[in-house]
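*Asks:* The primary structure of each chain is shown beneath.
Number of protein chains: 2
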Amino acid sequence: MHVQIRPWEILKKLIALEDAAEIKLYLHELTSENIAGAISHIDNDEKAKLVTLLQPEDAAEMMEDIPWVQAVKMLEDLNAKEAAAIIAEMRSDDQADYLAEMDQTDAEAIMIEMEVDEVENIRKLIQYDSDTAGGLMITEFLSFDEDNTVDFVVNELRHYSDKYEQYSLQYLYVTSDGKFVGVLQMKDLLLSKATTRLSEVVLRDALIVKDSESVTELISFFDKHDFYGVPVLNNTEELVGVVLRKDIRETEAEIANIEHLETQGIVGGEELRTMPILLRARRRLSWLSVNILLNMMAASIIAIYQETLTAVIALAVFLPIISDMSGCSGNQAVAVSLRELSLGVIRPFEMLRVWIQEVSVGIINGIVLGTLIGAGAWLWQGNIYLGLVVGGALAINTVIAVSLGGTIPLFLKKMNVDPALASGPILTTVTDMFGFFLALTFAGMMLKQTG
Amino acid sequence: MHVQIRPWEILKKLIALEDAAEIKLYLHELTSENIAGAISHIDNDEKAKLVTLLQPEDAAEMMEDIPWVQAVKMLEDLNAKEAAAIIAEMRSDDQADYLAEMDQTDAEAIMIEMEVDEVENIRKLIQYDSDTAGGLMITEFLSFDEDNTVDFVVNELRHYSDKYEQYSLQYLYVTSDGKFVGVLQMKDLLLSKATTRLSEVVLRDALIVKDSESVTELISFFDKHDFYGVPVLNNTEELVGVVLRKDIRETEAEIANIEHLETQGIVGGEELRTMPILLRARRRLSWLSVNILLNMMAASIIAIYQETLTAVIALAVFLPIISDMSGCSGNQAVAVSLRELSLGVIRPFEMLRVWIQEVSVGIINGIVLGTLIGAGAWLWQGNIYLGLVVGGALAINTVIAVSLGGTIPLFLKKMNVDPALASGPILTTVTDMFGFFLALTFAGMMLKQTG
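Read top to bottom, the protein sequences are chains A and B. Number 463 marks the last residue of the first sequence (my numbering); no jumps. Number 463 marks the last residue of the second sequence (my numbering); no jumps.
Source of the hints: derived by calculation from the structure; they are not laboratory data. All of these numbers come straight from a predicted model, not from anything done at the bench. Please note that a few of the clues may not be correct.
Chain copies aren't distinguished; within one or between two, either way the pair holds.
[Claimed, not checked] For lysine to aspartate or glutamate, the following DMTMM-like pairs were computed, each having C-alpha atoms within a straight-line distance of at most 20 Å:
| # | residue 1 | residue 2 |
| --- | --- | --- |
| 1 | K236 | D106 |
| 2 | K258 | E132 |
| 3 | K222 | D200 |
| 4 | K222 | E41 |
| 5 | K425 | D55 |
| 6 | K136 | E113 |
| 7 | K191 | D159 |
| 8 | K258 | D238 |
| 9 | K36 | D238 |
| 10 | K24 | D200 |
| 11 | K24 | E362 |
| 12 | K199 | E73 |
| 13 | K236 | E41 |
| 14 | K59 | D89 |
| 15 | K236 | E76 |
| 16 | K205 | D129 |
| 17 | K136 | E249 |
| 18 | K236 | E34 |
| 19 | K258 | D235 |
| 20 | K205 | E168 |
| 21 | K36 | D157 |
| 22 | K236 | E101 |
| 23 | K236 | E69 |
For reference, chain A alone in the conformation it holds in the complex (with noise of 0.2 Å):
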């Protein structure tokens, strides 16, 4: 008999068993996917107890996999002393971003369980916003002044290479009086003589950002330049951090996934079935609610022309056609306008342009579609009048679906709204009111005409 078993099973015997070194082994042996899923399916008191069995260096290690809402729950609620023994094992950002993320009591009751130097440099970390280069940067980094030789160097790396295991040693820095001169590579290093100054094998030229540059800006320059890292300068050249290329292909990737979610009506860009259920119900409610006052805004347009719609019963069965695929044209058009926004095809001004490439699709698009409901109508009721009207309404509700479309989403943006949440709704009410004003005209001429 084939018994899958799952990796929260395991878990939850390892945790009652209280087999610590047991449990290491096996979260050591677990992907990313696997750690996050079994973490998802164990309870508050099970997860209390895990955190508990591991080392603090597990644990912080453990919490980078799983999903960032439930680091921060595992966190508070633990006790002080053991919150600040995992957060003492994380890297710099991260220590930060944690300890903001709190509660200002219950962050303030860890730091005081933490070393003091590590605390002063958390203090000035949470200072910057978290989308800037000071709030995204790492303080782990070597610098040295550049008087100092190559044989320094390598002689600090080789008697403190314990202290130095968890810094990226790709490069180093050099500063003079504290402030930055340039970077050194180890390559450059390695092919230097030992007596060498680092000030004449210093690469002063390097690029560097502000710690006050924005999260877009950084996208950018990864963009640009093929780097590992960058150093982060203050207001007085001071060196402050490094931010890493990972780190914001990281950040880049969560803001893509935030944009998909809002697209789908996720507000806030992030839900996981974990949360609790009032507070799922509500954001989900928040954008629904939004959304069936502008559907019944839509829908009044059908109860003006009641008298035409009880004469043509039959149109009654294509509404919710010509509005649903209406929809659908006019989604596709928001999805290709988003995505040419965010690679930089296209700017926000460019509204006609978007336009004029969207209609030539709509035209095309609009013909067949209408042919199709079209020539449903008229075999279904015999009457080919029935067939035009729908299949008109349709072909045109779908030109003026891709146009808007198309060039929502750039009007929000020109206007710095978000442009994820809100397109679909505004173009969906518009396209809806267009779609059954259309074809209750039409009818109503058709009526006209056969008397």
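The hints should help you fit chain B onto chain A, whose structure is shown.
*Replies:* Then chain B, alone, in the frame of chain A:
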């Protein structure tokens, strides 16, 4: 007067003036986004001219910034010699990707113009599927036999510094009789005596991947391990390439983008408005035509109940609202499922767990939305029964929609069908059918009640 100069206007002028030096400077200043935007706005003749005005290495660099499909087209429009000069300046994995994408005859013509050992390398790379380690790896790496000394390596690096400029020198690799032995960090070379043999300092238990490993496994690997790159071995333990973390991250981001575009009905996961109109129309239609058939199928429910509809014509106003709102609620659930699947927080077989988590939210939201629409109907028509009919139908259909929306992606994934493209249409068709059925059945019951 404020005039906004677009980057492509400047570029067009420079191309017309054939000012190669200025063009090079200008492109160097632009962000990758602006380059993509500028290239998208010049016509094919200007593109061809631009490429001839650029040095091959600058042309290759430019192509990294523009969308893939545009770069391929630009290469195809060149003669073999020109294309070969540019491709020769590219990284090995890009070389293989471009040549594999082109028409075989064109590719062969280009390869004749390139250096023999470079072509040999490319042919090896082309053999691999693009979604395996072999298809994603680069062959620019440095390896040395373990019998060599540190001194030898240092001298190699010193004398061939130009040649090794483009090689990432984070790690060096060590082999023995052609087989992979281990990894060497620059730091370890730096801290070793000149006469030390590589065999003494090499890290022998280095993690590696096989050339056949899939993208998914590589994504998991770099989630778990914080490396800059990982060596790739073939079946006979030879070192054949290196997979860089940043390339896997880029691939991961591309996959996420494709998934999002597919949920919006962009088949093939990419559309640029610079693509030919007929191609864009055809690809959008391939999804829309399936949708319209599904829509007609769902709307036929209404056709069956035409009698009821004639009696309660006001219902025709609410059918599109019920359809759209159920779709919205359902799509929220779909988005969360796709997200949780990608995070690893749920597995495809967990449909029951997801259903329970969705039903709870669905009941709350269904009651709220049903009350809203019911109140709207009551206020409009002064008929409490109509309010109960549409309110009840929407409430129940919301629960159905979130149940389906949450579970359909898991079901499709279990069946090895891509959930991104198919979830939406299946969801909206089934929820429409239920929604229409519920509303019209309740209305029929209402008619019997009120006579």
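*Asks:* Each of the hints needs a verdict: does it hold here or not?
*Replies:* Status of each hint after checking the structure:
Proximity of K236 and D106 under a CA criterion of 20 Å is satisfied inter-copy only: 17 Å between copies versus 26 Å inside one chain copy. In this assembly of identical chains, K258 and E132 lie within 20 Å of each other by CA distance neither inside one copy nor across copies; the values are 26 Å within and 32 Å between. Taking CA atoms no more than 20 Å apart as the test, K222 paired with D200 passes in neither setting, with 26 Å inside one copy and 32 Å between copies. Taking CA atoms no more than 20 Å apart as the test, K222 paired with E41 passes between copies only; the shortest distance there is 18 Å, against 40 Å inside one copy.
In this assembly of identical chains, the alpha carbons of K425 and D55 never lie at most 20 Å apart, being 42 Å within a copy and 26 Å across copies at closest. Taking identical chains as interchangeable, the C-alpha atoms of K136 and E113 lie at most 20 Å apart only when both belong to the same chain, with a minimum of 15 Å there against 50 Å between chains. Proximity of K191 and D159 under a CA criterion of 20 Å is satisfied intra-copy only: 13 Å inside one chain copy versus 43 Å between copies. Taking CA atoms no more than 20 Å apart as the test, K258 paired with D238 passes in both settings, with 11 Å inside one copy and 10 Å between copies.
In this assembly of identical chains, the alpha carbons of K36 and D238 lie at most 20 Å apart only when taken from different copies (19 Å versus 36 Å within one copy). Taking the shortest alpha-carbon separations for K24 and D200, neither the intra-copy value of 51 Å nor the inter-copy value of 42 Å comes in at or below 20 Å. Proximity of K24 and E362 under a CA criterion of 20 Å is satisfied inter-copy only: 18 Å between copies versus 56 Å inside one chain copy. In the homo-oligomer, the alpha carbons of K199 and E73 never lie at most 20 Å apart, since the shortest distance is 30 Å inside one protomer and 25 Å across protomers.
Proximity of K236 to E41 under the C-alpha cut-off of 20 Å is restricted to the inter-copy arrangement: shortest distance 10 Å between copies versus 37 Å within a copy. Proximity of K59 and D89 under a CA criterion of 20 Å is satisfied intra-copy only: 9 Å inside one chain copy versus 60 Å between copies. Taking the shortest alpha-carbon separations for K236 and E76, only the inter-copy value of 9 Å comes in at or below 20 Å, while the best intra-copy value is 28 Å. Taking the shortest alpha-carbon separations for K205 and D129, neither the intra-copy value of 35 Å nor the inter-copy value of 36 Å comes in at or below 20 Å.
For the identical chains of this complex, K136 and E249 are intra-copy neighbours only, at 16 Å inside a copy versus 49 Å across copies, given an alpha-carbon limit of 20 Å. Taking CA atoms no more than 20 Å apart as the test, K236 paired with E34 passes between copies only; the shortest distance there is 19 Å, against 45 Å inside one copy. For the homomeric pair K258 and D235, the shortest alpha-carbon distances inside one copy (12 Å) and between copies (11 Å) are both at most 20 Å. Proximity of K205 to E168 under the C-alpha cut-off of 20 Å is found in both arrangements, the shortest distances being 16 Å within a copy and 16 Å between copies.
In this assembly of identical chains, the alpha carbons of K36 and D157 never lie at most 20 Å apart, being 41 Å within a copy and 37 Å across copies at closest. With identical chains, the CA atoms of K236 and E101 are at most 20 Å apart between copies only, with a shortest distance of 17 Å across copies and 33 Å within one. Taking CA atoms no more than 20 Å apart as the test, K236 paired with E69 passes between copies only; the shortest distance there is 15 Å, against 35 Å inside one copy.
Hint compliance for this structure: hints 2, 3, 5, 10, 12, 16 and 21 are not met, and every other hint is.
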